[in-house]
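Asker: So the sequences go chain by chain: V and R. Its first residue numbered 0, the first sequence is counted upward by one per residue in numbering that gives the first Met the number 0. Its first residue numbered 0, the second sequence is counted upward by one per residue in numbering that gives the first Met the number 0.
No lab work stands behind these hints: they were computed from the structure. Computed from a predicted model, the values in this text were never measured in an experiment. All C-beta atoms in this analysis are idealised placements derived from N, C-alpha and C, irrespective of residue type, glycine included.
Just the calculated beta-carbon pair ranges, DEER-fashion:
#1 Pro22(R) with Ser157(V): 30 to 38 Å
#2 Val383(V) with Ala443(R): 53 to 61 Å
#3 Arg330(R) with Val100(V): 19 to 27 Å
#4 Val100(V) with Gly227(R): 39 to 47 Å
#5 Tyr375(V) with Gln354(R): 46 to 54 Å
#6 Glu182(V) with Thr327(R): 37 to 45 Å
#7 Tyr375(V) with Lys377(R): 32 to 40 Å
#8 Ala361(R) with Met316(V): 30 to 38 Å
#9 Gly373(V) with Lys377(R): 31 to 39 Å
#10 Ser157(V) with Lys347(R): 51 to 59 Å
#11 Glu376(R) with Met316(V): 31 to 39 Å
#12 Gly373(V) with Lys347(R): 38 to 46 Å
Straight line, CA to CA, 27 Å or less: simulated DSS-like cross-link-like pairs of lysine-lysine:
#13 Lys369(V) with Lys337(R)
#14 Lys115(V) with Lys337(R)
#15 Lys371(V) with Lys119(V)
#16 Lys337(R) with Lys119(V)
#17 Lys111(V) with Lys337(R)
#18 Lys323(R) with Lys111(V)
#19 Lys419(R) with Lys323(R)
#20 Lys371(V) with Lys115(V)
#21 Lys371(V) with Lys337(R)
#22 Lys323(R) with Lys352(R)
#23 Lys329(V) with Lys119(V)
#24 Lys377(R) with Lys352(R)
#25 Lys289(V) with Lys143(V)
#26 Lys435(R) with Lys419(R)
#27 Lys235(R) with Lys252(R)
#28 Lys419(R) with Lys469(R)
#29 Lys377(R) with Lys115(V)
#30 Lys329(V) with Lys337(R)
#31 Lys377(R) with Lys337(R)
#32 Lys46(R) with Lys347(R)
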Amino acid sequence: MPQQRPLDRRGVGAESGEARREFVVGPSPAAKREVRTVQTKLFVPRVGEELFLELAPIHGRSVPQTAGSYTRTMAQAPVLPRGFELPLEPRLPRIGSVDAVALEERAASLAKRSIKREAKVFALDLAVRMMDLTTLEGQDTPGKVAALASKAIRPDPSDGSVPSVAAICVYPNLVPTAVQRVEGSSVKVASVATAFPSGQSPLEAKLAEVRWVVEHGADEVDMVIDRGAFLSGRYAKVYDEIVQVKEACGDAHLKVILEVAELGTYDNVRRASLLAMAAGADFIKTSTGKLPGAATLPVTLCMLEAIRDVHAETGRMVGMKPAGGIRQAKQAVQYLVQLHETLGPDWLTPDLYRLGASSLLNDVLMQLRKEKTGTYQSPDYFTVD
Amino acid sequence: MTELERKQERAPVPSDWTYAPAPEARDIVTLREQYGHFVGGEWLEPKETYTTISPATEEPLAEVGQATPEEVAAAVDAARSAYENGWSEIAPSERAKYLFRIARILQERSREFAVLESLNGGKPIKESRDVDLPLSAAHFFYYAGWADKLEYAFPNQRPRPLGVAGQIIPWNFPLLMLAWKIAPALAAGNTVVLKPAETTPLSALLFCDVLRQAELPPGVVNIVTGDGRTGAEIVKSGGVDKVAFTGSTDVGKAIQRELAGSGKKLTLELGGKAANIIFDDAALDQAVEGIINGIYFNQGHVCCAGSRLLVQESIYEPVVDKLKRRLTTLRVGDPLDKNTDVGAINSKQQLEKIQQLVASGAEEGAEIYQPPCRLPEKGYWFAPTVFTNVAQSYRIAQEEIFGPVLSILTFRTPEEAVEKANNTPYGLSAGVWTEKGSRILWMAERLRAGVVWANTYNRFDPSSPFGGYKESGFGREGGRHGLEPYLRLT
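Modelling step: build the complete structure from the supplied sequences, incorporating the hints.
Answerer: What follows is the structure, encoded as structure tokens:
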């Protein structure tokens, strides 16, 4: 019988006085030992373990230094401890696996919550605050972005109580326009980068793009992972890229798009989520919105559970952004219920949750006005930008 | 951009999201003040009555009959006469027709039944709506299909009906248990005298309405209400050819003693103390959902509830952490609220039994955890409970609690898991959580339980036989197997 086990490991990090942590990749058992001597951390490498991910406190510029040398030694298999107790204190959660049937059932049952009246107004209001109002088209122009920015700042001109959205999300070329247009407001500018949406470009080009958008004032960068590398088992390449993009971001927040529709399984989604968080993602995001089968409730739940595990292990709070296919207020409420019951009230903030959408906002506004006035109004009363 | 736009500031963010009440409308159910016994297609004025209540509020709902020996005898006579004057001889496809009708009417009236089930039994509306009602209708549909195919179910065995079946059902799934009992009995060509549980008679009484709507010949199904005395009368009755009982092991043993040597056929579906076994390679978040569903589904009033959690020691901590965290999100309260996860305990008596067993667990040294939750003042309530540091010898690990109380034990190897899981007088069900297919099969071969669920729990289907080993009873309900107890085979 287990006697008096410490059930809560979340306090461990706090005890050692490290309030903020970052994931660092160790290259190989040999190099890992060096890391250990520096950090005086106990690390016992396991035979056959290919991918070493360890948490370590931030040591200045240590991230790229360690990141540079390991790429060649990385192998394919996604072997991480499955139910194996490593004697590390704060560490990555076990990668484990995801049961698709049960995950989808849980997501479906959460979607059945009945959210009425003041609870609904709360959710709709929050959905507006959390929205990344998005336009990602070849035909985007400064004019279009300007209109979007105005809508973002003041979504419902006839109702001052409706808050601004969290951010507008645009292509790199339009970042300067967007920045200029939202200046002085609370609305942030997010830019997609790293050869969005496919990610099939050389790393140098991706990094240059990231630096460019950050220099031009983007507050947030939405990068895509290299799915080609991920699906061929070159996790290290994916990881390495995220680490370098994070470095290139500087102070800008990094959202890592997994493009779940291309990953194929929930197991892969979980793996990619943990990989992205380990590499330093501030947010993980489902989709580019450029493919059918973008964000779904089950896939978002899968990612939320990965975020929950990272938080339980390390205390680090990573954000979540479902994007693509969320068009109705009702869906938005379902996503928020799922968030609320999976990660708890702490995550009910635009700092940790975003809804990426282009056409959701007007439906939310319409529902909000219906809740306030008791009647539905024609879509013509809501501006199309 | 205008000045106006620039100046707009964020309104203060409300900090807490409380779901507004979302009660299912109650007025879809019309209750009479008093119900009699449904005998020979007519309502028999009851000689004695008692009050049935809503366990969530203790509010009285209706007066129902406490059947006397004469009333039970009248019901058995009506069933006998219906059996001999037609029901055993009509074309099997005709029997199927009535069963299909009943199934369809149940579907049509499912909301009404779901509300009544939650009202009288205390279970959350989301469960009666999404589980009890669809499954009840599915059982009638399923056995309707068998009615004219019995020769194919039991080839060369000349399947013939037994006669009158006396059926006694429990209070945890009042309508579903009724469907489990009545559907195969009628499909096989028997007639029925059924007694719903003392605390939950109303859905069975409303079901009489469905029987009339379906124009089922009078006397084919008779329903008498009352407590254990009424049940004992049915068991004793000379006119009954077969007894089917679902309920506690003690009563089941008494019935078996009573029937010894009588030549009556008997099936018993009794208690359980199922092991839900989590291996270290399981998908943890989904396994935790399975644990929750295994023990808190229907407030743990489930004979096959996964009340003993066996966790592999290497993942004990994360599982317990996740479980406790998940417990805090369970919504306990008004059974009719669509967002309620855990409803009311079915009766005062049951609540007292749970309280007593939980107290014994704490006394014996187990560590208790209950999430903070505000329970309503009126009615019978018990917070979802988890016991850690439980030894196999504690009462809470041995006895059936039949409430929202989980005992967590650990194991180290698959062999140990099997040994601990089987170390109980019961053997109704078990759950295995692992990503390894071969281990699922290995475990299923060794677990002495009627049902073994793999990577799921509490999943039912009319085509799947259900029943126990050892003190969990004998005979199977559901599937082709479920027909056999209602047939004479040669």
